[in-house]
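Trainee: Read off the chains here:
Protein chains: 2
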Amino acid sequence: MKTKTLLIILFFISHCSLLIAQTDIPGGSLNAISASMNNQWCLVIHGGAGGPPKGTMSVEDEQAYLQKLDEALAIGSNILRNGGSSLDAVESVVRFMEDCPLFNAGKGAVLTEKGVAELDASIMDGKTLRAGAVAGVTTIRNPVSAARKVMEHSPHVLLIDGGAEGFAKAQGLEMVDPSYFITPKIRERWEKSKKQDPAKGKDQEKKPGTVGAVALDQNGNLAAATSTGGMMNKMHGRIGDSPIIGAGTYANNSTCAVSCTGYGEYFIRNVVAYDISAMMEYRGMPLEEVARIVIHEKLKPQGGEGGLIAVDKEGRIVMEFNTNAMFRGYMMSDGRKEVMIY
Amino acid sequence: MKTKTLLIILFFISHCSLLIAQTDIPGGSLNAISASMNNQWCLVIHGGAGGPPKGTMSVEDEQAYLQKLDEALAIGSNILRNGGSSLDAVESVVRFMEDCPLFNAGKGAVLTEKGVAELDASIMDGKTLRAGAVAGVTTIRNPVSAARKVMEHSPHVLLIDGGAEGFAKAQGLEMVDPSYFITPKIRERWEKSKKQDPAKGKDQEKKPGTVGAVALDQNGNLAAATSTGGMMNKMHGRIGDSPIIGAGTYANNSTCAVSCTGYGEYFIRNVVAYDISAMMEYRGMPLEEVARIVIHEKLKPQGGEGGLIAVDKEGRIVMEFNTNAMFRGYMMSDGRKEVMIY
Chain A
11 MKTKTLLIIL FFISHCSLLI AQTDIPGGSL NAISASMNNQ WCLVIHGGAG GPPKGTMSVE
71 DEQAYLQKLD EALAIGSNIL RNGGSSLDAV ESVVRFMEDC PLFNAGKGAV LTEKGVAELD
131 ASIMDGKTLR AGAVAGVTTI RNPVSAARKV MEHSPHVLLI DGGAEGFAKA QGLEMVDPSY
191 FITPKIRERW EKSKKQDPAK GKDQEKKPGT VGAVALDQNG NLAAATSTGG MMNKMHGRIG
251 DSPIIGAGTY ANNSTCAVSC TGYGEYFIRN VVAYDISAMM EYRGMPLEEV ARIVIHEKLK
311 PQGGEGGLIA VDKEGRIVME FNTNAMFRGY MMSDGRKEVM IY
Chain W
11 MKTKTLLIIL FFISHCSLLI AQTDIPGGSL NAISASMNNQ WCLVIHGGAG GPPKGTMSVE
71 DEQAYLQKLD EALAIGSNIL RNGGSSLDAV ESVVRFMEDC PLFNAGKGAV LTEKGVAELD
131 ASIMDGKTLR AGAVAGVTTI RNPVSAARKV MEHSPHVLLI DGGAEGFAKA QGLEMVDPSY
191 FITPKIRERW EKSKKQDPAK GKDQEKKPGT VGAVALDQNG NLAAATSTGG MMNKMHGRIG
251 DSPIIGAGTY ANNSTCAVSC TGYGEYFIRN VVAYDISAMM EYRGMPLEEV ARIVIHEKLK
311 PQGGEGGLIA VDKEGRIVME FNTNAMFRGY MMSDGRKEVM IY
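Chains as they are written, first to last, in my numbering: chain A, 11 to 352; chain W, 11 to 352.
Please keep in mind that the hints were generated in silico from the structure rather than gathered at the bench. Relax, there's no trap hidden among the hints.
Which copy? The list can't say, so a pair holds if one copy fits it or any two copies do.
The list that follows gives simulated cross-link-like pairs (lysine to any residue, SDA-like), each with its CA atoms no further than 25 Å apart:
(1) 308 - 162
(2) 308 - 164
(3) 202 - 165
(4) 308 - 291
(5) 310 - 163
(6) 323 - 312
(7) 310 - 291
(8) 323 - 343
(9) 124 - 182
(10) 179 - 125
These numbers were taken from a predicted model, which means no experiment stands behind them.
Please put together the full structure from these sequences, using the hints given.
Mentor: Here's what the structure looks like:
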């Protein structure tokens, strides 16, 4: 009987370890993590910066987000652990998050002023500096996969709108009716925000949810991907930083891989993702320091709310943000793993 | 009679001085020009990099391009000389070149695979780091002015397609039928290129014609603008570097203003316009040196054909390219002025 009780306790502990890891949040200060010598690969993900202050979300909602971040990490980590490429890892993670209605990308994305989900995504390969992106698409189930097709099967980097959709269809990607992306919860929020006065409506825009992933694989290759529905009630045709190489996404084996989230216009004007790489390359500064400078010293004073995740070629990672929260997580080949909100 | 003859000769000389300046081309080596202490303002323009080797174009065609470059310089210089802003100067110059059928922007732009002129443009204010851009538009007569409206009258940076057109119309800009942009010459070239095999069709894409301008005004403010029809026979929805802040256009009073032209995908992947600024800021290198590195050492080995014009905060200018030719010119407050092709 004693052994049986012990086994039950061990079983309980092992199944609760995830919950313990999730609630053991170091107050958002653990935003830069050094790689150990054994780190063959690592993966960092985000589900958007912004959101309400700590204590506003229900515990159930927090747990739902943390659970999905954990599942996303598991998908990408499996690929990296088995020797897969960082490109495959970031695409798979972002696909999963696009399919998850909790995040503002793919299914569950916010709606434009016209009530349509106009989606943007990009991906970049740090080994070759090749990149692909789509913007303003409404019928491609997984925009990040369309971005990868643009990168690998077209001479182009950025395709928009009907051109991107025709290409994605010809490439055999799954096409959906625009209504596929609209969840009842999002439609309700959109209808509410339409009724609000413009000032209050603007608060709605700050809802987090852009998704992204960066990874270093066992071959030392970096990759980054980002996907979003943009801002709630955004103007038809408005494009943010997510599909812009250098603004929302950048990867270069000689420096780092970056995925951004936040008030996209500021990220475009500050060329944020490439700026991280440029400061590392041209100033010889560590990733941790450049991320802090860009997010807190450059963007914050301008009103550029948001955050970014990045991994450098040595496997050092950052998850830096100047907002109340950023859904995020990381996993490394040495076993370290965490999912966090605040 | 002697006096009359002298007057006629003087009249002839004064009216031929333009022609003399145009044909006195220093073999493309005069690509970086230092400002004198008296330089209160300066303006640099381009009408696209690429094109056939020297000796291929007829003298008449060359003179037609040089004449239009000269007229464009006069428009921008008048604004800067009278104390106008660099933003007004670059917008006015690019508007003029969009209206000129010789260049691949606005009227006379190349056509997509579907036979439509899909236009992209952007503008950036070095003083405020504000920026505006439109992409994939087919009914706005002057896309660069739509880009400026986005910058000054919307919270956004980049609007595409129907969204951009609806906004431009609401802002009171002149809207035209898509057929307005199509000249008989371009339609003929498009029809020819459709008949060519894909390999030869690709050569067609290298036709220069993207237009751009950078300026420093008497208040020390920098600005940059770029406008293009992209590549002949491009895929519907393909967006190049011209409307991408950081890739085709960038301006920052603390460094420089840049406008690019060339194989857009390489300019996006290399974040060219911002890279010029970043190398100046983070490495403390002069504009002349960073332009040479980016155009010849970074882009050229990758196959990234093209060029750029730039002016720094001291009024030093560069016009660097790795192609056979780049239509270009500059004018400075100390009186120096030149228009060149090769």
